[in-house]
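Following the hints, position chain B against chain A.
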Amino acid sequence: QKEVEQNSGPLSVPEGAIASLNCTYSDRGSQSFFWYRQYSGKSPELIMSIYSNGDKEDGRFTAQLNKASQYVSLLIRDSQPSDSATYLCAVNAKGGSEKLVFGKGMKLTVNP
Amino acid sequence: GAVVSQHPSRVICKSGTSVKIECRSLDFQATTMFWYRQFPKQSLMLMATSNEGSKATYEQGVEKDKFLINHASLTLSTLTVTSAHPEDSSFYICSATLTVHEQYFGPGTRLTVT
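For the record, the sequence lines run as chains A and B.
Quick note on our numbering: the first sequence kicks off at 9 and runs consecutively.
Quick note on our numbering: the second sequence kicks off at 4 and runs consecutively.
Hint data in this document are derived by calculation from the structure and do not stem from the laboratory.
All clues given are correct.
Under the rule of at most 25 Å between Cα atoms (straight-line distance), these lysine-lysine pairs were calculated in the DSS-like manner:
#1 A:K107 / B:K69
#2 A:K50 / A:K107
#3 A:K115 / A:K10
#4 B:K44 / A:K50
Partner residues aside, some chain A positions facing chain B, computed with beta carbon under 10 Å:
#5 L108
#6 G111
#7 G113
Label-pair ranges, simulated between beta-carbon atoms:
#8 B:D30 / A:S48: 21 to 31 Å
#9 B:E66 / A:G104: 18 to 28 Å
#10 B:E62 / A:R36: 20 to 30 Å
#11 B:Q45 / A:S28: 20 to 30 Å
#12 A:N74 / B:T115: 41 to 51 Å
#13 A:D63 / B:E62: 25 to 35 Å
#14 A:Y59 / B:D30: 18 to 28 Å
#15 A:R36 / B:C16: 41 to 51 Å
#16 B:V103 / A:A76: 16 to 26 Å
Quantities reported herein were computed from a predicted structural model and do not represent experimental measurements.
We put the beta carbon where it would ideally sit given N, CA and C, even for glycine.
Looking at chain A on its own, in the form it has when it is part of the complex (with noise of 0.2 Å):
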């Protein structure tokens, strides 16, 4: 099992929709957990942190983070073109290092 697990997508959704990124990850241990947002040719940008469970919501952005499942999702709500891009879910690497571990990225589309 991947230690960050993202369905690669493409996700298409249309302009005002929901669009909800899903992401799994493999050690019971890790504490932190990220949304990444990578516009093509661009790098990445985080746009949220969680860290217990339950909802943390920024704007239009909501993550979710279920600890016992092992899962942490994404929900951007009245979604926008502007937000088509890669959503990059990372968490933090084993045995208290600094590093992240990454998921390979959703694809998202936002049509008008």
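Same frame as chain A, but now just chain B:
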């Protein structure tokens, strides 16, 4: 806050030459910086972890003598690609940690070796 810069943003060099890429944390001190490489349509690949004042830790398969990393201060890390070859052409991205695990990325350097 949490701004990371990289220089240059693009570089074209001839095969056999060396290229230095700088990564700076502009508004915070970063004890740890990371260097990644990303080929087109692929995910990020961690190359090395750079700690201020100590030797970098390289990931398996990354040649430390080819990719020289120097973390001279709490705000500056450099990556030198020595004797570059066309297969080294890639998008090189650094990141710096602000709080534990939370990494902020620089804008990246696109290297083309001719």
